[in-house]
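With chain X held as given, fit chain L onto it using these hints.
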Amino acid sequence: ATVVLEVVYWMILFLATAGELICMVYSLILFVDLTIDYINPRELCDRVNDLYWPEFFTHSLLTGMLLARGFYLGFAFSLPLMLFHFRRMQQNRHLLDNTRIFSQVATERRNAMAKLGFYLGLFAYIIVW
Amino acid sequence: SAAVSTGANAFTRHPPGMDGGQTHPSQESMPGDWDRMQVPATGAPQGYGWQPTGAGVQTTAPALVQQMNAMSLQGQTPMNANHPSTYTPGTVTPARMVPPGVLTQPRTMPQAAPGTPLHAIGMANLPRPPFSAQKLKIRITSGDPKLPNLQEFLSLDGSSTERDSGGFLVSEMACPLESYIPVSPRHMQMTSAAFPNSAALFRKFGLPIGISVNPMATSTDPLDEVPLVSFGRSQIIRCQRCRGYINFMCKFTDGGRAWRCALCQFLNNVPEDYFYPLDQYGRRGDAHSRPELCRGSVEFIAPQEYMIRAPMPPVYLFVLEATTRSMQSGAFNAMLQGIKQSLGQLVESDRTKVGLLTYNEAVHFYHIASDSSPTDHKISVLCDLDDVFLPSPDDTLVNLSEFRAGFEELLEKIPDLCDAANSNGDRLAFGAAMRAAYLLIGSYGGKVITLCCSRPSVGPGALKDRSDPSVIGTDRERQAIAPDGTYYKDLALEFSRKQMSVDLFLCPPPTSPPLDIASLATLPKLTCGDIVFMRDFVGPRDSKFLTEAVENDLIRDTAFEAVMRVRASKGIRCSSFLGRFYIRSTDLLALPNFDSDKSFGVQFGFDETVFTQKIFVVQSALLYTSSEGERRIRVNTLAVPVVNSLLELASNVDPWSTLSLMLRTATDHLRDRKIEDIRKQLKSNVVSCLSSIRQSSQAQNSFPQPGTMLLPESMFLVPLLFQGLLKSPLLSKEASIAQGLRIDDKAALIHLLDAAPSEVMCAYLYPNFIPLFPLDGYPEAGLLNEGMRLHDIQLPPGLPSATSSMKQELVFLIDTGLTMTLWLGRSAAEAFCVELGLDLSQQVDLDVLPSILLHPLQTGEDRTRNGARARVITQFVASQRPTGTRITVALQGGPLRQKVESMLIEDKTASNLAYKDFWSELLREIQSKSSDH
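First to last, the sequence lines map onto chains X and L. With my numbering applied, the first sequence corresponds to residues 1 to 129, in that order. With my numbering applied, the second sequence corresponds to residues 1 to 933, in that order.
Note that these hints are calculated values from the structure, not bench results. Keep in mind that a hint or two might mislead.
Derived DEER-like restraints, expressed as beta-carbon distance ranges [to be verified]:
| # | chain 1 | residue 1 | chain 2 | residue 2 | range |
| --- | --- | --- | --- | --- | --- |
| 1 | X | Pro54 | L | Ile555 | 51 to 61 Å |
| 2 | X | Gln90 | L | Ile555 | 22 to 32 Å |
| 3 | L | Arg309 | X | Leu61 | 45 to 55 Å |
| 4 | X | Leu120 | L | Arg497 | 33 to 43 Å |
| 5 | L | Lys464 | X | Arg47 | 45 to 55 Å |
| 6 | L | Ser392 | X | Thr35 | 43 to 53 Å |
| 7 | X | Leu51 | L | Lys680 | 33 to 43 Å |
| 8 | X | Gln90 | L | Ala200 | 37 to 47 Å |
| 9 | X | Asn111 | L | Ile555 | 40 to 50 Å |
| 10 | L | Gly255 | X | Asn49 | 53 to 63 Å |
| 11 | L | Asn269 | X | Leu120 | 47 to 57 Å |
Computed far set for chain X versus chain L, every beta-carbon distance over 10 Å [as the list claims (entries may be wrong)]:
| # | residue |
| --- | --- |
| 12 | Ala16 |
| 13 | Gly19 |
| 14 | Ile36 |
Pulled a few chain X residues facing chain L out of the computed Cβ check, cut under 7 Å [said to hold, decoys possible]:
| # | residue |
| --- | --- |
| 15 | Asn40 |
| 16 | Asn49 |
| 17 | Phe57 |
All C-beta atoms in this analysis are idealised placements derived from N, C-alpha and C, irrespective of residue type, glycine included.
Okay, chain X solo, but in the shape it has when bound (with noise of 0.2 Å):
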C-alpha cells in the first residue's frame, strides 16, 4: 500500500508540474500572439487570467506536498514563487488588465519566461529525485 501511495504521491506532483509547463507554455504562446495582433487584449487577458487561480493552487499544492514530505530543498525552492504571488496579490497585479496590458506586456513575458525556468526546475529536481 505504501508503495501505491508512494506512486500517486509521485504522479500527482509529476503532473502538476508538468501542467504548470503547459500552463506556462500557453500563456507565452498568448503574448506572442498579442504582439503580432493574432487575438486582442481582451481575450489574452480573460484566458491569461483564467490561468491565474488554477496555476497559484497547483503551485500551493506543490509547495504543500513537498514540504509534507520533508524534502526541504524543493520546499526552499518553491517558496520564492510563492512569495511572488501574495506580493502580486496584495498588490492587486496579479490579474492582468487589458487596458493596461501594452505598457505592461514585456514584463510579464519576461515573468512568465522565469516562472517557465522555475518549473522546469522544479520539474527538473522531482524527476532526478
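Okay, now just chain L, sitting in the frame of chain X:
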C-alpha cells in the same frame, strides 16, 4: 478618367506680413478635377512661431513663379478651420499674387556647421526660458520654436546635395523642396529633430524620444490647414506590406511606375491611374501639386472599404444629475444654458440626434414631442436600478432638426419636471444612468454628456468614500488614485466598442463629499471623453465657465467613431502610447470620439540593435467620421534625419516636448509605481544624458571649466524644465499640499495632464508669469485695435518664475496651463481695480476681478488704457487654455500665499532645491557618474 486631382499649385511660405491682404480675384477656370483637392488658404502667417529660429524666411524659387502665374493659385476661402471644404469647378476664387519682393530674396538656411557647438553654462549664467514678448507668446501658443523641421536639414538649392554630418538626402523627397510644407507642430511634434542610429546610442542618450500627436488641432495659421484629397472610386495609395499611406518621403522609381515606401522600404507598383512620368530630378512632375506628395498633413476621403457600417450620425445624449445639490449650486442651469446656446450649431447637420436623461435615485427618460406643445410631458421613471431597460426608444432619442421646438421646450421645463426637490444627492444612481445611456444610444454611438455633482452611491457602480487626504504624495496614494472595482472599466470598454464616449462635467459644490474621480474618470479615459472638474462649484462665480465649457464641448469639431494608428520606420516600435484611449491591438487606438483639445504621446523603442535607414519617418493616421457623415483619414507624416553621434542628437532636442513626454510618462507610472521611484528614475535619466554629453564633449577635447556644463544650446533648458517637473504638484508632495490638493484633485490632475495639448504641458512645466499692470513700458502690449484678431496681439515680456518677480507694485497672471491665478501686489491692487473700473468707495469683492478681466472689449472703449489691455491679455491667455479654466485671485500676503509660492519653479522650498542648487547638485552627480566610468 483618373480620379485624382490634377490641379497645380504651389505652397509657399512667406514672412509674416508680407503678403497679407494681397489677394486678387481671378477668373481663370479650374481644371476638371480641381475640386478634389483642397488648397491651403493664403494670408499672412501671423505668429508663425514654430519655424526654427535662424531658419529664416523661405520663399519660392524663381522657376516656380512662372508656374504659379501659369497655373492659377487657389486662394483663401472663409471656412471652418478644421473642416476643409472641397472646391467646385468653375467657381471664382481669389488667387494669390505673390509680392515680387519676396521672390527675389534668397532663401536663408542654416549652414550645417562641422561639429556641434557647445556652450559652457554655469552658475554665473544659468539658462532661463526666453522672456521676450514674442517668445512668450510662442511658448503659450505652440511650444518652443526649436522644433523638428525637415527644411532645416536641407541644403540651399534643394536638388541633390548630401549633408555630410547627417547623411540626409534631399533627393529622397518626392516633391521639390519649395513646394514642401511640413506637418504643423500642433498636429505632430517630435521630441528631437534627429533620430539615433542604434539602440546603443538611444540608451546612451537616456531621455525618451517620441512624438505628441493631435491630428484635429485647430490653428489660426493658414499653413496649418489640411488639404483634402480624394482618389474617387480608386484605392488610396498605400504600401502593400506595412499599409503606410503614401507621403512626401516616398521615392518614385522605374520611370514613375513604382514607389518605395518610406516606412518599410518596400517597392510598390503605381496603379495605372496614378501614374505620372518623372522629371529630370527623378521626381514626379506633378508632385508639387499633389498634397499627399508635398505636405506633412493630408486628409483622404475614405472609400467604402473603410466603413464597417454606414457613417453614424452625430448623437448627443445629455445625462444630468437632478438633485437639490446640482440645482442649488447652479450647475444644472449652467449646463442647460450651454446646451441651449449650442443647439443652433448642432442643428446644422440635419442628421444630429439628441436625447435627455436625468437621474437621482432613479433614472428619468423624457419623451420629446415634435412641437412645443405646452400641455404635458411624458416622463418615464426607472426605479429598478439593477435591471435597466428602455421605456420607448422612439421618442427619447430624436432627430434635432425635426424635434427642435419640442427639445427646446423640454430644456425650458426640465428644472421643474425632473423631480429634483426630493433628492439631495446622497443617493445617486449614476451607474444605472450610464447603463441607460448605453442602451439608448448604443446602436448609433455618440457622445454622452454627463453632469455629476455627487458620488454615485446606489445601484450598480456605487462607490465608497475612500478619500483620505493624508495619503497625498505618499505611497498609499497609488491605491487611492486607482479605480475602485471594475464596474466602470467594463462599462467603458462596452462604450468604446459601441463608439460611445463619456464627457464628465464634475461640479461638486463646496462642502459636498468627495466624488471618487479616480473611479469615474475611467469612463472618459478609455473612451476618449472630456473631463471638466470644477471643484467647489459656486453658481454665481462659476456658472459662466461651466456654460462655456459645455458649449465648447458641443460645438468644436468632433471626429466620430475614430481609430488611430501610428506607424514608424521599420525597426522602430511605438513602445508606449499615452493619453485617453483603449488600445485595441498593438498600435491601434480606439477613439469613439476625438476632438481638437486632446493629444497623445507616443514613445519609441528599438526593435533591433541598429537602425540602418538614413531618415526616420513616423506617420499617424486617424480614420474618422466627420459630423457631415463623411468617412475620412487624416494622415500626418514627419521625417527626421538619422544621426550617429550623441552630440548631434542632443543638439537637436526640443527640451519642451521632451519634458512634456516625460511628464506624460510620469502620469502613466503614477498608477503603479512609487512617487519616489518615479522621481529617482527621471533624475537618473537626465543625469545619464548629461553625463554622456560630458563624456562625448571630452572626447572632442573640450573640457569645461569647473562648475560648468558644456551643453548644446538646445539642451540649456532641460535642467530647469526638469526641475519644474519635479516641483509640480504631480510629483511633489509639498506642492500638492501647498496647493490644497485632495485625492479627487490629484486624480483629475493625472487625467487632465495625460491628454493635455503641448502648450498646456509647457506652461505646466514652467508657469508663465505675465504682467498685467503696470504696462507703461510696453505701449503695444495687449493692444487690440478694432478689427484685429485676439491671437495677433503682442504680449509684455514675461517674468521668471521666482520670488524676485513678486514685487508689490506689480499685478500679473500666473498661468500653469491648467490653472490661472491673478496675483495682485499689495500696493498695486488698488490702482489695478481702479483701472478695471471698480468703484473703491464701496466694498470691493476681489472675486469679481476674473469676470471683469474676461469681459470682452466693447466698441468705443478706450483700448490703450492699461485696464483694457490687461483684459485683452487675460482673454488671450484664457483662449489658449482648456475652456472653463477658472481664474483665482491671490492678494500678496493673502491666504493663497503658499499656493503661489509652490508655483515658483526657481525657488527653494522645504524639500526642493533652488534652481542654482539644483544645478550644482546635477553637476556633482554628473561628475561622480562620469568618474565611475
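Going through the hints against the structure:
1. Between proline 54/X and isoleucine 555/L the CB atoms are about 53 Å apart, so this pair conforms to the stated range of 51 to 61 Å.
2. At about 48 Å, the beta-carbon gap between glutamine 90/X and isoleucine 555/L misses the expected band of 22 to 32 Å.
3. At about 50 Å, the beta-carbon gap between arginine 309/L and leucine 61/X stays in the expected band of 45 to 55 Å.
4. Range check, leucine 120/X to arginine 497/L: Cβ separation about 40 Å, and the 33 to 43 Å hint holds.
5. A C-beta distance of roughly 31 Å is found between lysine 464/L and arginine 47/X, which places it outside the suggested range of 45 to 55 Å.
6. Distance hint for serine 392/L and threonine 35/X: a CB-CB separation of about 47 Å, consistent with the stated range 43 to 53 Å.
7. Take leucine 51/X and lysine 680/L: their Cβ atoms lie about 34 Å apart, and the range 33 to 43 Å holds.
8. A beta carbon spacing of about 38 Å between glutamine 90/X and alanine 200/L agrees with the range 37 to 47 Å that was offered as a hint.
9. Checking the proposed 40 to 50 Å range against asparagine 111/X and isoleucine 555/L shows it holds: the Cβ atoms sit about 48 Å from each other.
10. About 56 Å separates the C-beta atoms of glycine 255/L and asparagine 49/X, a value consistent with the hinted range of 53 to 63 Å.
11. Judged by the Cβ atoms, the range 47 to 57 Å given for asparagine 269/L and leucine 120/X holds: they are separated by roughly 50 Å.
12. Every CB of chain L lies more than 10 Å from the CB of alanine 16/X, the least distance being 30 Å, so the non-interface label holds.
13. The Cβ of glycine 19/X lies farther than 10 Å from every Cβ of chain L, with a closest approach of about 28 Å, so its non-interface assignment holds.
14. The Cβ of isoleucine 36/X sits about 8 Å from the closest Cβ of chain L, inside the 10 Å cut-off, so the non-interface label is violated.
15. A cut of 7 Å between beta carbons decides the hint on asparagine 40/X: the least distance to chain L is about 6 Å, and the hint holds.
16. Nearest Cβ of chain L to the Cβ of asparagine 49/X: about 11 Å, over the 7 Å cut. The hint is violated.
17. For phenylalanine 57/X, the suggested interface contact is broken, since its CB lies about 22 Å from the closest CB of chain L, more than 7 Å.
Consistency with the previously given hints fails for numbers 2, 5, 14, 16, 17, ordered from lowest to highest.
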